[in-house]
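> Sequences and hints are given; from them, build the entire structure.
Protein chains: 2
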Amino acid sequence: MSNKPTLNTAISPALLHLYDLSNSVVVIIDVFRATSTIASALYNGAKCVIPVDSVPKAIDISKNIGGIAAGERDGMIAEGLQHGNSPLEYTREFIENKTLVLTTTNGTRLLQMALDRNADMIISGSFPNLSAVCDFLLAEKKNVVLGCAGWKDRFNLEDTLFAGAVINRLTKEFTVHCDSSLMAETMYTKYKNKLIEFAPKLTHYHRLVERFGLIEDIKFCLTPDVANVLPVYSNGMLISK
Amino acid sequence: MSNKPTLNTAISPALLHLYDLSNSVVVIIDVFRATSTIASALYNGAKCVIPVDSVPKAIDISKNIGGIAAGERDGMIAEGLQHGNSPLEYTREFIENKTLVLTTTNGTRLLQMALDRNADMIISGSFPNLSAVCDFLLAEKKNVVLGCAGWKDRFNLEDTLFAGAVINRLTKEFTVHCDSSLMAETMYTKYKNKLIEFAPKLTHYHRLVERFGLIEDIKFCLTPDVANVLPVYSNGMLISK
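For the record, the sequence lines run as chains E and F.
Going by numbering that gives the first Met the number 0, 196 is the number at position 197 of the first sequence; the sequence numbering is gapless.
Going by numbering that gives the first Met the number 0, 45 is the number at position 46 of the second sequence; the sequence numbering is gapless.
Because the hints were derived from the structure by calculation, they are not lab data.
Since this is a predicted model, take the numbers as computed values, not measurements.
Treat the hints with care, since some could be wrong.
Identical chains share a label here; the pair holds if one copy fits it or two copies do between them.
[What the hints assert, rightly or not] Calculated pairs, DSS-like style, for lysine-lysine (alpha carbon to alpha carbon, straight line, at most 30 Å):
#1 Lys200 - Lys3
#2 Lys97 - Lys171
#3 Lys3 - Lys151
#4 Lys151 - Lys171
#5 Lys200 - Lys141
#6 Lys240 - Lys200
#7 Lys97 - Lys3
Put into structure tokens, the structure is as follows:
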């Protein structure tokens, strides 16, 4: 048997229970847009991002600590909030030295599931911080579970493509032996040079672009290393390590 | 909106609940090997196949009706049974005019789930009966859910590749708008001319070939139309329509 650490891919939150998280670094992946937005905010100097599961909680916590309450439901800025889940909203001018309290449809829920299942460590990833995620996992040499947030438990391709991008860089240093990972890397290899051109085929693209006109968000979320920080979850918040 | 029927792909039994089955034809897909074996037995003249969820039930029913009790657990002939889940076991000489009572790890369970969720109609498919499945769905013009049996709720590629083969033939006549189906068809298109060469990369291949030497089973299960019947589920049994 190989002594390499293992890498597995959970292509939906509904499949996360199949993997042992207690000995693993879990990478939360919600490309459109939670984990892209987290990378963007931290890259632009946010003190931290506090992920919460409800709008009232986001409002309460942000009031208490003087932070920015933000989030979306079904792709739109959530009712009662002034700020949404667009990575482009969190410029350095706006977010530097502030705390972002964020609630989203899928990413926040998956993070809570990873906590409930006693993940050894939780980080978040998307194309904007691809290299930071890969460099960290290569250095850490622990087992990895790539957790795709999907859309209300449905499989989505953008999260799987990011998983494939990570696998593509890590495959020689890890034991990768699951069909999900093989599929993810195959899909990524096929589309890696035309991710933005491929995007209109994705169901999530239609929600974001046709309904809300968020094409610039899409481009940001699919561009490697434009916000290359490593968000690490600890004591209820994501901080840049 | 299009008036075409919809087609969705459930890439794991754990995701089946996301789809409305009550207005759909559900295709049970367990390429290695339950639905290949069902096609083989019916093609070779079995009166019917009765899928059951336990070995004792298989033995009881087969005794009562004078049928053949068969099945596997974790890839091997199940304890207490004389016949397994190999499509090559069910030659015409052996199975013609007999009833096969079959219990398997994943396929039988998925079929039961589809029943519990009130599927409008249930058929079974694998590469050996690819054309029969596609021709039926094209003629029927109802909504379709392709149900991949996977391996103990894990995604597997062979079932998804078969889903992709079906989508590839049906896509113009159906509304196909889910990332699972897009992924399945993309993977199928990439490997359709080298399915058997690709097979050694699949986790299930290792179970079946390296542990049990079942390479001929694998080849049969991946060859289109070598047992081209349409198994339709009705009153507790699959019969060839």
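> Would you mind marking each hint as holding or not holding in the structure?
Checked hints:
For a Cα distance limit of 30 Å, the shortest separation of Lys200 from Lys3 across copies, 19 Å, qualifies, whereas the shortest one inside one copy, 36 Å, does not. In this assembly of identical chains, the alpha carbons of Lys97 and Lys171 never lie at most 30 Å apart, being 39 Å within a copy and 51 Å across copies at closest. Within a single copy, Lys3 and Lys151 get their C-alpha atoms only as close as 33 Å, which misses the 30 Å cut-off; across copies the closest is 25 Å, which meets it. For a Cα distance limit of 30 Å, the shortest separation of Lys151 from Lys171 across copies, 27 Å, qualifies, whereas the shortest one inside one copy, 33 Å, does not.
Only between protomers do Lys200 and Lys141 lie at most 30 Å apart by alpha-carbon distance; the minimum there is 24 Å, versus 35 Å within a single protomer. In this assembly of identical chains, Lys240 and Lys200 lie within 30 Å of each other by CA distance neither inside one copy nor across copies; the values are 35 Å within and 36 Å between. In this homomeric assembly, Lys97 and Lys3 never come within 30 Å of each other (Cα to Cα): the closest approach is 40 Å inside a single copy and 50 Å across copies.
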